[in-house]
Amino acid sequence: MGELQRLFFDPQIIWETLPTLFREGLKNTLLLAIGALVIGFAFGMVLALMGISRRWWVRLPAVVYIDIFRGLPAILTIALVGLGMPTAGFRPFGRERLFYGILALGLISTAYIAEILRAGIQSVDKGQMEAARSVGMTYMMAMRLIIIPQGLRRVLPPLTNEAIAITKDSSLVFVIGLAAGERELFRVGQNIGQQTGNFSPYVAAGLVYLLITIPLTRLVNVLDKRLREGRRVATAPGAEELPASVEVQP
Amino acid sequence: MTSKTRWILALIAALALLLTACGGGDEGDTSDGATDADGGAEETEATEEEVTEDGGDGAAAGDLGLLNEGVITVGSDIAFEPFEFIQDGEPAGFDIDLMNEIADRLGLEVEYVNASFDTIFTQLAAGDFDAIISAITITEERDQTIDFTDPYFAANQAVAVTTDGPDVASEDDLAGLQVAVQAGTTGLDYANENFTESTIVEFPTSEAAFTALESGQVDAVFIDLPVVSARVETSENVELALEVDTGELYGIGVQDGNAALRDALNEQLADIIADGTYEEIYSRWFEGDVPEQFRTGDGASADATEDATE
Amino acid sequence: MTAASAQATPPRVALRGLRKSFGTLEVLKGIDLVIPEGQVVCVIGPSGSGKSTMLRCINLLEQPTAGAVEIDGIDITDPKVNIDKMRQRVGMVFQQFNLFPHMTALDNVTIALRKVKRLPKREAERIGRERLAAVGLAHKADARPAELSGGQQQRVAIARALAMDPEVMLFDEVTSALDPELVKDVLDVMTELADAGMTMIVVTHEMGFAREAGDRLVFMDGGVIVEEGPPKEVFSNPRSERLRTFLGQVL
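Residue numbers (numbering that gives the first Met the number 0), protein chains in the order written: chain A, 0 to 249; chain B, 0 to 309; chain C, 0 to 250.
One or more hints might be untrue.
[Said to hold, decoys possible] Simulated pairs of lysine to any residue, SDA-like, Cα-Cα distance not exceeding 25 angstroms: (1) C:Lys114 / A:Thr137; (2) C:Lys79 / A:Lys224; (3) C:Lys116 / C:Pro100; (4) C:Lys84 / A:Lys224; (5) C:Lys120 / A:Met142; (6) A:Lys224 / C:His101; (7) A:Lys125 / C:Gly207; (8) A:Lys26 / B:Thr195; (9) C:Lys116 / A:Arg143; (10) A:Lys224 / C:Lys114; (11) A:Lys125 / C:Leu59.
Since the hints were derived computationally from the structure, they do not count as laboratory data.
Work the whole structure out from these sequences, hints included.
In structure tokens form, the structure reads like this:
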């Protein structure tokens, strides 16, 4: 049992690892995760709309893309992008390794976010689109103003889960090689672990990950609860009628 | 249950059987000595290694302080290609071949005990083995708990570049370049300490490092000489630019104070180097030339050992 | 207006040979209906008769399988026609209200004015408040749909449709989802609208409204128009067997 403490929970080593974790690891992990989510949301939205198209030739590329990037292990996608692309001569980011990492993670999160958004959009009542079109909105306008805002609200919990997942997947970027200053949390932990012959740096890195993911998990729960129970409704004083239940079946 | 459920259960059972069958592939009796002395050692397995007596010097067990008469019990972390690894269920590799040769010349059988590198020193000191060979770098720290033989291997590093890449004739030429290293290696430590003007990029595997080199993402790779030599053989646009002696030497470990065994090992080692057997064994496992210290006729110098422990 | 010029102006709405199938199921089997400006047409019939489908063809929420739908003489089934623009001329009110839940009542009414008609915010709000006042809900401008009763929501929906200044208003069983005591307020709004001269096509079960506010009653059954005429006449002297059966069931 003492071995466990010495090898995993050495307070001195944990304490000494934290500065590098915060200074370098946290910065790069956040860079990777946020970059990936921005890409994922933008392209995920495009793919989601493609996925609900009535034209099969618009749907098909979206389906194929999503199948591939949800089906491959993240570490493989990262290796293919970070190592494979340059080998093939395709080097859009020159030698900026972290950008390849952001791209790879972005490609992955696009697939997951596309499915999440699609589900959200399709969960919006069809009558909403009909009403929007009836007042003269184009399909895109109706999507932008009416459908997507509603759909998005409903899928905030799964979107937040995706944010957590991508944060954790960023720990795999080390496979494409990182220089000092580029290391994300896991790599910092791994490096210092190798130097000290101890696993406490890994534990320290884990603590910082939790610092990011636990608040997000709490956020998911709050959002989920709010969606299910609805916002507190203010009843107008002296109202002659009670607020209606809209889901009245004829 | 439905027939579909039954199928799935059968599949899972079959998979489970398959996995246990694969795991228990090694026949082996657990050696008596290999108990968990300090709680950190892994499960150890003993593998019998039959070495035919070939008219060697047949030293008596008592003289060398061996655990078992006529047998030298050797501890090793048998998972480090190409020095020691399991091939067809048996230990194989450079260290293994060398050890077998030495034992053979001493008229001894060898019994290898697989152990974890982290605890191999404490186990030797506790008397679990007679000697340990495991690509162990001779360091002053380790020299305090055990005794080392003369060095038997120089872990020289090397710089690899692409044929149309920068000219690297000396370590200074690496300034301003991006140099790939493999994580967890001593090469990495050396690079970080000495190539202060370069950007050191760490990769998890040597394969990844060389991929980055050949795709132009880094300018050079700094890694073990044998690994570079191997790559140069297989890849036409990679070339060896520079050999770097980092002063890292491997030694065989014996118990602190067991001068008899150590001297016996050293004697055989010197002969093996002198008569060319070393080169022959080396060429079985490594590409390229034998490190300068172990070329025929030089012999392992006692000076080298002193340098390493300074 | 002379007889000649009256003929030269195309009717507000004209359905010619309108057919609609959903897969193999033919729901509309040839509808011909011409509705002049200012006429209030009430459409009644058993469920499954195709009344809603016919209504939804008029603003192309359903795509006809055959036939023409003309608004002011323009056949909107023609793919070259800009349907989004045409829909500005046709307002629709739904059974389930379909208000935009993430917006206030005022925003519901003004969003199309701002985004489709590109009116500046101040003008849009002015028009919006007028429309809400006209349906008696000026004081609820900042309320969200969830805070409104069914009847109030439906009136906001009417205001929303009217804000675009359409030439025709379509009503798809707009009181069927309301509690009985809320129905009257909505019908009152619709009656006012009819009196003001709006061309309306109202699919409904409210026979009272049909008799009092309607200019013309259309009875549909099995995908065709079976009988039609002035409401008072049709109600007192139904000519077809099917209508008599239907009226027997609902009245």
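Checklist entry - So which of the earlier hints does this model not fit? => result Violated: hints 2, 4, 7, 10.
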